[in-house]
Amino acid sequence: MNALEMREGTAGVVELRIPRRAEWVAVARLAVAAVANRLNFSIEEIEDVKLAVAEACTNCILQRNVADQIEIVCETKDDGITVRVRSFAGPAATIEAPAELESEQQQIGALGIFLIRSLMDNVNYEHGKGRGTDLVMTKKVTN
Amino acid sequence: MDIKVNVREAPGHAYVVDLSGEIDVYTSPKVKDAITELIDQGHYNLVINLGKVRYIDSTGLGVLIGGLKRVREHGGSVNLVCTNPQIKKIFDITGLVKIFGIYDDEESAMKALV
Chain C
5 MNALEMREGT
15 AGVVELRIPR
25 RAEWVAVARL
35 AVAAVANRLN
45 FSIEEIEDVK
55 LAVAEACTNC
65 ILQRNVADQI
75 EIVCETKDDG
85 ITVRVRSFAG
95 PAATIEAPAE
105 LESEQQQIGA
115 LGIFLIRSLM
125 DNVNYEHGKG
135 RGTDLVMTKK
145 VTN
Chain R
157 MDIKVNVREA
167 PGHAYVVDLS
177 GEIDVYTSPK
187 VKDAITELID
197 QGHYNLVINL
207 GKVRYIDSTG
217 LGVLIGGLKR
227 VREHGGSVNL
237 VCTNPQIKKI
247 FDITGLVKIF
257 GIYDDEESAM
267 KALV
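Line by line, the protein sequences give chains C and R.
The number in our numbering is simply the position in the first sequence, starting from 1, with 4 added.
The number in our numbering is simply the position in the second sequence, starting from 1, with 156 added.
Derived from the structure by calculation, the hints contain no laboratory data.
The beta carbon of each residue, even a glycine, is placed where N, CA and C say it ideally should be.
Check before you lean on any hint, since a few could be wrong.
To be verified - Derived lysine-lysine pairs resembling DSS-like cross-links, with alpha carbons at most 25 Å apart:
{"no.": "1", "chain 1": "R", "residue 1": "244", "chain 2": "C", "residue 2": "144"}
{"no.": "2", "chain 1": "R", "residue 1": "160", "chain 2": "R", "residue 2": "225"}
{"no.": "3", "chain 1": "R", "residue 1": "160", "chain 2": "R", "residue 2": "244"}
{"no.": "4", "chain 1": "C", "residue 1": "144", "chain 2": "R", "residue 2": "225"}
{"no.": "5", "chain 1": "R", "residue 1": "160", "chain 2": "R", "residue 2": "245"}
{"no.": "6", "chain 1": "R", "residue 1": "208", "chain 2": "R", "residue 2": "245"}
Said to hold, decoys possible - Pairwise CB distance ranges, derived in the manner of DEER restraints:
{"no.": "7", "chain 1": "R", "residue 1": "164", "chain 2": "C", "residue 2": "82", "range": "20 to 26 Å"}
{"no.": "8", "chain 1": "C", "residue 1": "81", "chain 2": "R", "residue 2": "240", "range": "29 to 35 Å"}
{"no.": "9", "chain 1": "R", "residue 1": "267", "chain 2": "C", "residue 2": "17", "range": "37 to 43 Å"}
This is chain C alone, in the form it adopts within the complex (with noise of 0.2 Å):
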């Protein structure tokens, strides 16, 4: 394989919807592993990316909404990976008044964000109450 088959085998997008309920988390980190994989990323790396999409993922859960999806969108270039994990309402949402989160999942939300920021290069994020979260984060191939 030389070296522009390389580029136009790792350059894509890749879009994955899941239900915003804890057991589908699974199902993002790996399919987001896979993803990775597909990269010039060592183990670790593709690890701490797949850790930092399930917080991402958890994130959205732990909030109090009235989003009821997680949307995955995953960005591949020669020399990282972008990934937007955004919660929002759809069709079928259940529309009601958020609740405040208790202490115990604000200090685990707060664990995942920090964590987020530690294992990727690049973290932006954003919130409102009552509406979906919003978060966008890249790692950089380091070999």
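Since the structure of chain C is provided, determine the placement of chain R on it from the hints.
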């Protein structure tokens, strides 16, 4: 993806919680239930064996922290057995290496209990 939890009594009034699998937002309640049940029964010296855990996230860490806080209220402690480099890295990043005793094998973790 699942988590297997096995609780067993060890010498010296300590209990060992063997975990196997992946600890995430879906499976961590099962781990929390096992630890909570032990503490509710008055067992405050625990070794949690993560030797067969392939993955842990913030919810899993939250369960371990919660357990540690509760046993410390009773003068107990929680030591961890962990050899997986990726999981050790998570404990390093979060600074949890400073509050948990983390050991390479169960024997060392047991000896180090208060």
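> So which of the earlier hints does this model not fit?
Replying inline: 4, 7 and 9
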